[in-house]
Amino acid sequence: MRLQKFFVPARCSMFSVLKRGRMRPRPPTIRQAPLVRRLYAGAVLFALACSCNMAQSKTSPTTTQPGQPIAVGAAAKPEWIELKPAAYPFLIVDAVLDGETLPALIDTGTSHTILDLGVAQRKAMPLRHLGSFDVFGKTVETQGTDFTSFEFAGLRQRGETIAVLDLSDLQAQLGTPFAIVVGADVLSTHALQVDWDQNRLRLLPSGASALPAGTKVPLKMTPDGPFETRISINGHEFDRTAIDTGADSDLIIRNAVLPRLAITPERMTDRVSQVIGRIQVEGLFRADIVQFAGLRFERVPTSTTETAVSGFPQFDVLVGMGLLERFNFMIDAQAKRMVLSPRETSVPDRPSSTSGVIGNYTTEGLVLLHVMRGSPAAKAGLKVNDRICKVDGQMVDATWQNGAQRAWSVGRPGRKVNLTHCDGRETTLTLKEFY
0 MRLQKFFVPA
10 RCSMFSVLKR
20 GRMRPRPPTI
30 RQAPLVRRLY
40 AGAVLFALAC
50 SCNMAQSKTS
60 PTTTQPGQPI
70 AVGAAAKPEW
80 IELKPAAYPF
90 LIVDAVLDGE
100 TLPALIDTGT
110 SHTILDLGVA
120 QRKAMPLRHL
130 GSFDVFGKTV
140 ETQGTDFTSF
150 EFAGLRQRGE
160 TIAVLDLSDL
170 QAQLGTPFAI
180 VVGADVLSTH
190 ALQVDWDQNR
200 LRLLPSGASA
210 LPAGTKVPLK
220 MTPDGPFETR
230 ISINGHEFDR
240 TAIDTGADSD
250 LIIRNAVLPR
260 LAITPERMTD
270 RVSQVIGRIQ
280 VEGLFRADIV
290 QFAGLRFERV
300 PTSTTETAVS
310 GFPQFDVLVG
320 MGLLERFNFM
330 IDAQAKRMVL
340 SPRETSVPDR
350 PSSTSGVIGN
360 YTTEGLVLLH
370 VMRGSPAAKA
380 GLKVNDRICK
390 VDGQMVDATW
400 QNGAQRAWSV
410 GRPGRKVNLT
420 HCDGRETTLT
430 LKEFY
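Numbered according to numbering that gives the first Met the number 0, the sequence shown spans residues 0 to 434.
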């Protein structure tokens, strides 16, 4: 969400910081195969958490001191609320802000709850400056606004300040609209239970409910928001591991600790994400063996990230929805516990790119944004900004962006695909697993 979350390990949230500040022309959207599409918002939302600490709440009779997030009021009877299936595997539900129902993304990786700038402007909500932070070499300004009431899954809060960021790029990456990111300031006060089999979630009082059957995962709440645990990758223990429901990757690891895994160059490829209006290249490989709370996973897709936000503590690993979607789960940070329960139906493996082509499908053909290292596309000589007008003789257009036609790029290894460039050149790819 990942607010591809922008970043990752160093975040306070999936949205640790993805915002471009004020409204500006939107850059090309990165739409990749499902496994590649991930919210890299982390960096922004992460830094945002810090800026939010400068906001003061208006609750009477007591004034919240700077440094506090949204305070959560008393909960009504716990109730299941429906997940929006089109957003899977992200957790998007309805929330109500000042009487208006808005789609909300549930993100344990984001420290503070965030409202989209477009919604705040449409509702003519007064904005004020909260602070700024540095991310990927850019200074990002954060704003805030006051709301009258906020309701979510039976929780009600009145008279607080909420952070405001431009979430339009994140919405485009995710492919589904959302207007609010519900962060750890709200989620940490209750237990979050997700039931994929029934397509629903609910909030329960922390520690008050019986634990569902399943694998227990030790958990703790960090001062900056993220829910922290530990994980083993290729036999190496990583204590600074955060649970991030705003990232659709399986795992994300920080480049600074990557040498511990001794991944050889031939096992590493790369991909791109859109971060605050620019393209960010990140590594991608498969971890041979991942052990998480006694559970064992093999050949787990793992992406890498640079440290992105100045002045924030860094997590070494993020566990995203690529792993969590395999289970129904409960997260109760105050009670220091998480439970992973088997699903009634198994989750099929996500398709991996067998072409190495990452691009946008437009009215002018497929425009390449990136060619993955060591891929069939790279070996065939494809380059960034190449335009492909036909795939196996079929004309490419903008409808392919979210259509089944784009599945050719994750097709069966060994299949030959003929690409016709818009300048008349021909390229043939032989699809293969390359990482």
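Misleading hints may appear alongside valid ones.
To be verified - The calculated lysine-lysine pairs, modelled on DSSO-like cross-linking and capped at a C-alpha distance of 30 angstroms, are:
| hint | residue 1 | residue 2 |
| --- | --- | --- |
| 1 | LYS415 | LYS389 |
| 2 | LYS215 | LYS83 |
| 3 | LYS122 | LYS83 |
| 4 | LYS215 | LYS389 |
Keep in mind that the hints were calculated from the coordinates and are not lab data.
Okay, the hints, checked on the actual structure:
no., hint, result
1, LYS415 / LYS389, "holds, 14 angstroms"
2, LYS215 / LYS83, "holds, 27 angstroms"
3, LYS122 / LYS83, "holds, 24 angstroms"
4, LYS215 / LYS389, "violated, 50 angstroms"
The structure does not agree with numbered hint 4 stated previously, though it agrees with all others.
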